[in-house]
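So the chains spell out like this:
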Amino acid sequence: MLELKAASRHFGGVRAVDGLDFRVAEGEIVGLIGPNGSGKSTAVNLVAGLFPLTSGSITFKGENLESLPMHKRLQLGIARTFQNIRLFSQLSVWQNLWVAQNSPEDRARRGFFARWLGGQKGVRREIAELLEFSGLAAKQDELAANLAFGEQRRLELARALATRPKLLLLDEPAAGMNSEEIGQLRSRILQLRSRGITIVLVEHVMELVMGVTDRIAVLNFGQKIAEGTPAQVQADPLVRKAYLGGA
Amino acid sequence: MDFYYGMAQLIGVHTLLGLSAYIVLLTGQVSMAQAAFFAIGAYTAGMLTVLAGWHIVPALGASSILGAASACAVGFPALRVKGLMLVIATLAFGEGVRLFFFNFDYQIAKGNIKVGPLGGEGFRQIRFFPENGWTTFDVMLFIWVFALLAMAVLWWFDRSRYGAVLRAVGEDELAAQSVGVNLTAVKVSAMTVGGAIAGVGGGLYAHYTTHIEHSSFNVLVATFAIAYPIVGGLSNVFGTLAAVIFVQAFLVEGLRDLGDWRNLLFGALIVLAMNLRPHGLFGRRHA
Amino acid sequence: MLDFLQVVVDGLLFGATYALIGIGFTLVFGVMHKINMSYAAASIGGAYLGLLVLKVMAGAPAWLVFLCGFLGGGALGYVVYLACFHFIPYSSPLATLMSTVGMLLLIDEIIVHATEGRPLNYPAMFDDVMLRAGEFSLRGDLLLVFGVSVACMAGLLILLYRTKLGLATRAVSQQPTAAQLCGIRIARVNAVTFVITGLLGGIAGALIGASVGTLSPLLTLPLTVKGLIVTVIGGLGNVPGAIIAGLLVGAFENVFQLWRGVTERDLYVMLLLFVFLVFRPGGLFSKS
Chain A
1 MLELKAASRH
11 FGGVRAVDGL
21 DFRVAEGEIV
31 GLIGPNGSGK
41 STAVNLVAGL
51 FPLTSGSITF
61 KGENLESLPM
71 HKRLQLGIAR
81 TFQNIRLFSQ
91 LSVWQNLWVA
101 QNSPEDRARR
111 GFFARWLGGQ
121 KGVRREIAEL
131 LEFSGLAAKQ
141 DELAANLAFG
151 EQRRLELARA
161 LATRPKLLLL
171 DEPAAGMNSE
181 EIGQLRSRIL
191 QLRSRGITIV
201 LVEHVMELVM
211 GVTDRIAVLN
221 FGQKIAEGTP
231 AQVQADPLVR
241 KAYLGGA
Chain B
1001 MDFYYGMAQL
1011 IGVHTLLGLS
1021 AYIVLLTGQV
1031 SMAQAAFFAI
1041 GAYTAGMLTV
1051 LAGWHIVPAL
1061 GASSILGAAS
1071 ACAVGFPALR
1081 VKGLMLVIAT
1091 LAFGEGVRLF
1101 FFNFDYQIAK
1111 GNIKVGPLGG
1121 EGFRQIRFFP
1131 ENGWTTFDVM
1141 LFIWVFALLA
1151 MAVLWWFDRS
1161 RYGAVLRAVG
1171 EDELAAQSVG
1181 VNLTAVKVSA
1191 MTVGGAIAGV
1201 GGGLYAHYTT
1211 HIEHSSFNVL
1221 VATFAIAYPI
1231 VGGLSNVFGT
1241 LAAVIFVQAF
1251 LVEGLRDLGD
1261 WRNLLFGALI
1271 VLAMNLRPHG
1281 LFGRRHA
Chain C
2001 MLDFLQVVVD
2011 GLLFGATYAL
2021 IGIGFTLVFG
2031 VMHKINMSYA
2041 AASIGGAYLG
2051 LLVLKVMAGA
2061 PAWLVFLCGF
2071 LGGGALGYVV
2081 YLACFHFIPY
2091 SSPLATLMST
2101 VGMLLLIDEI
2111 IVHATEGRPL
2121 NYPAMFDDVM
2131 LRAGEFSLRG
2141 DLLLVFGVSV
2151 ACMAGLLILL
2161 YRTKLGLATR
2171 AVSQQPTAAQ
2181 LCGIRIARVN
2191 AVTFVITGLL
2201 GGIAGALIGA
2211 SVGTLSPLLT
2221 LPLTVKGLIV
2231 TVIGGLGNVP
2241 GAIIAGLLVG
2251 AFENVFQLWR
2261 GVTERDLYVM
2271 LLLFVFLVFR
2281 PGGLFSKS
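Chains as they are written, first to last, in the working numbering: chain A, 1 to 247; chain B, 1001 to 1287; chain C, 2001 to 2288.
Derived by calculation from the structure, the hints in this document are not laboratory data. Glycine included, C-beta positions come from ideal geometry on N, C-alpha and C. Wrong hints could be hidden among the right ones.
To be verified - Output of the computed footprint for chain B on chain C, the stretches with three or more beta carbons under 8 Å from beta carbons of chain B: (1) 2222 to 2229; (2) 2263 to 2277.
What the hints assert, rightly or not - Keeping only pairs whose Cα atoms sit at most 30 Å apart, straight-line, the calculated DSBU-like set for lysine-lysine is: (3) A:Lys166 with A:Lys72; (4) A:Lys72 with A:Lys61; (5) B:Lys1114 with A:Lys72; (6) C:Lys2055 with B:Lys1082; (7) A:Lys5 with A:Lys61; (8) A:Lys121 with A:Lys139.
Produce the entire structure from the sequences given, and follow the hints as far as they go.
This is the structure in structure tokens:
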């Protein structure tokens, strides 16, 4: 579904991503791990369209993503969450989800006028479902700025889901979570897969990555150094070296 | 009573000016160009009623359309310019428009006098209202129909998805883009709506004062335009209305005995207000 | 052709004052990431303060007036800092912007009231001197304007790049939080930045008054717009850029005036700005 071929992104002299080959098949949950600065977030940003490739290519469902702006990539079905949460803090939880309903399916269902200037009635059910899934139904009218940290993370995910993605890029969604929350996140991710969403999970929290992914790619210095099932990756000496350094 | 009607007319027209800046400010764009769209609306409506004999209503329609069109034209290049640079660019645009009208002559003969804009002298004798028997009260009501209409439309926007999207863009463009919002469409549309509102306001202004000139649309007016929504707060349209009333009624008129000191106090008031209530009179939403 | 070059040279010399104003705007932007819209007005205000010397000492020499303009500008700079930047929270950029606009209006009106709206004569130096360089005549007073401006710019560059204060200022502009963690007192750096730009503005205002011959509150708004144009063309935050851009704007302005006359001149300066905004929004020296 997603394919990066020799993808490179240089920032001046820094090779954040360097000749990366990475593939994700439809329906998979793929993990992307590596020490700090290995290029994981840059890879996500490249797929999302935050900045262009220096060289190489990225294709999604056969279509070359080069020069497609972010909002157009969303129309294709690519959504992402942010490592440091970027909610619309001055809007309510409900409004945060409402703003995100920009998918082709949503556009087809309601006319232009109704979608932009119509009231909330038409979309109440869908948003209610999203709120239910994320456990935020009770807080729907709360300002995003007033939510607890865990709730904010759930809203960040819910908002990405509101765009009806086919590919979901999760950028360190478990940062700062306790074991219980990680467990809930794991179960949510699995539910999303069963709904047909392909997921790329960038993470540091091994408890989550090892427990939920089908396959993991390991990056270091912008390049892929290992790939395989969680068990294979855990046993790989190169991976160990990358994380712990030395022999 | 005429004095109060006149005051209400002024407040109505300035509310339209303030609202034109309000919608643009929601998207995070600080535009000092609203006075320019106001000017375009003023000259357009004036020329249509005086030189072409139009009725005021279609003339206002035309000034709204021209205001919207020029705002749309400014909206696109404005996208390339971020934050404070936009302030400078729109300030310069506003000055450019003012200078344009300073140099603009278009007079025709009516009977044995010439009417029409005359460069630095301005555009006098915009007398549609007196010539058609409108009283001060009539004019006041007429102005307020439009002011209330604009408020109602913006209030409706605020409660709709468009309003939420405008504010999302104003808060975090990157996040908005990543959930599929087309920034260009949103920002330019806000500018365009602002231009339409300013155009109507300008057309009404030209007719109730009957005399306009380039200096009626200078940096001070551009400042009033953004001051109202900033001082009033961006939570809702009533903040802007409150700020207009506060500035014009209390400050400018209430301190009328201080004569020429009004502008000075306006400046001092803004400095004070921004230090005491940086988020505006009505403050932020809830939190 | 000769006329044209003469006009360009005159414009370049006068443009040094625009360079100073541009530096003021750009330096505050670089350090605080905010625009001080009242800067040009405060500069003219400083020049007016210089005139107070004449009230006290009737026959005071021109250089003393300039010096007081210089110092007056610095004092005003500190006042603007307190009124608009010290207390307003960093997270309210709109409020800061609005307060500097309020300050611009306030200073303008104070000048109008203090002078009862009448323009005042400003003393000049070397205005009767005319140097000849080949085919060109160089006005003595413009040469002085240029010379003093250059000296001030050199002083500023030395300050910024060779002193500890300058280092602190640059540190704050790049990473305010890290600078604080290194023990740099941000409020002090900010206040000093305002005083220094105020001094520059004051002397610029005095020099403008000297070369034009009169000071009037009508100067403030066009100077604000021109100063901002210089800042944009030179690149926001780029001090050497502002210097070059100031000279260029001075030259272009004179050329436009030669070509289309005084009333349309400013319109073309505005167009120059738009050309830059469309093609080089980062300024002359941007990497776009």
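Do the hints match the structure? See the list:
1. 2222 to 2229: holds (count 4)
2. 2263 to 2277: holds (count 9)
3. A:Lys166 with A:Lys72: holds (14 Å)
4. A:Lys72 with A:Lys61: holds (14 Å)
5. B:Lys1114 with A:Lys72: violated (56 Å)
6. C:Lys2055 with B:Lys1082: Violated - the C-alpha atoms of lysine 1082 of chain B and lysine 2055 of chain C are around 46 Å apart, more than 30 Å.
7. A:Lys5 with A:Lys61: Cα-Cα ~14 Å, so holds.
8. A:Lys121 with A:Lys139: holds (18 Å)
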